[in-house]
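Visitor: To convert, take the position in the sequence shown, counting from 1, and add 71; that gives the numbering used here.
I should point out that these hints are in silico values taken from the structure, not numbers from a laboratory. Keep in mind that a hint or two might mislead.
Claimed, not checked - Label pairs and their computed distance ranges (CB to CB):
| hint | residue 1 | residue 2 | range |
| --- | --- | --- | --- |
| 1 | GLU197 | ARG138 | 15 to 25 Å |
| 2 | ASP171 | GLY257 | 13 to 23 Å |
| 3 | TYR170 | GLY249 | 20 to 30 Å |
C-beta: ideal position from N, C-alpha, C; glycine also.
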Amino acid sequence: MRCGAIAALLLAVAIVGSASAADYIFESLTVKGSGYRSDEIRGQTAPGNEGQKIAETSSGTGSSNDRFQLEIDRTWNSINYSREAEFEYFPTVFDNKTYDQKWKDILCAKNYDAGAQVSEAYTQAEHLQRTTDISEMGNASGNYLIAHVNSNVIGNAHVGWSSNQNATDSFGRFIHIGKSTEDLTGVFTIEKYIELLQNSSDPSDGIDWMPCA
């Protein structure tokens, strides 16, 4: 079954990724088929609350047509992410077992050097068509996080960003330089371009001062 092959491929990718600590990682993946699907992506250029981070989880039943690329360069302290995907929900049956889950896709990218983060999330989606490109870098000459989101969804959608400082106000809350969130339920077309630049931030003391918006 195709979904079994997909699961095996994703497991193989996870095993290869965990076998060594490389300074440069590039992954390209194409998946097309129908059934139940679940995948997870995580990457970073530095441990703890420093450097660049990206994390994404997706799952659901029905058909999926997906092209994905991820590049992580620890030497340049950069992450580049690109995904073009279309999901259509319907229950599936395999080996007398029914799989029935509407699509969920949750993405968060953080640049601790720039104090910037972007989040994109879809839940209970009956239809989802999305194209997302993210580029983030942190170095002495320029810190930035740039994202372009373009999607069509039937379900719940959330797109948010924030620019933060690793400092607290008089109430002990971490300071927002700027923040924006969109929360939608229904049938929507979304296009958003986000460019967050040059907010230099000091390393943290172990507290995650930049949660996903």
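Visitor: Evaluate each hint against the coordinates.
Guide: We went through each hint and held it up to the structure:
Between GLU197 and ARG138, the C-beta spacing of about 22 Å keeps the proposed range 15 to 25 Å intact. ASP171 and GLY257 have their C-beta atoms about 22 Å apart, which keeps the hinted 13 to 23 Å range intact. Between TYR170 and GLY249 the beta carbon distance is about 41 Å. The supplied range of 20 to 30 Å is therefore violated.
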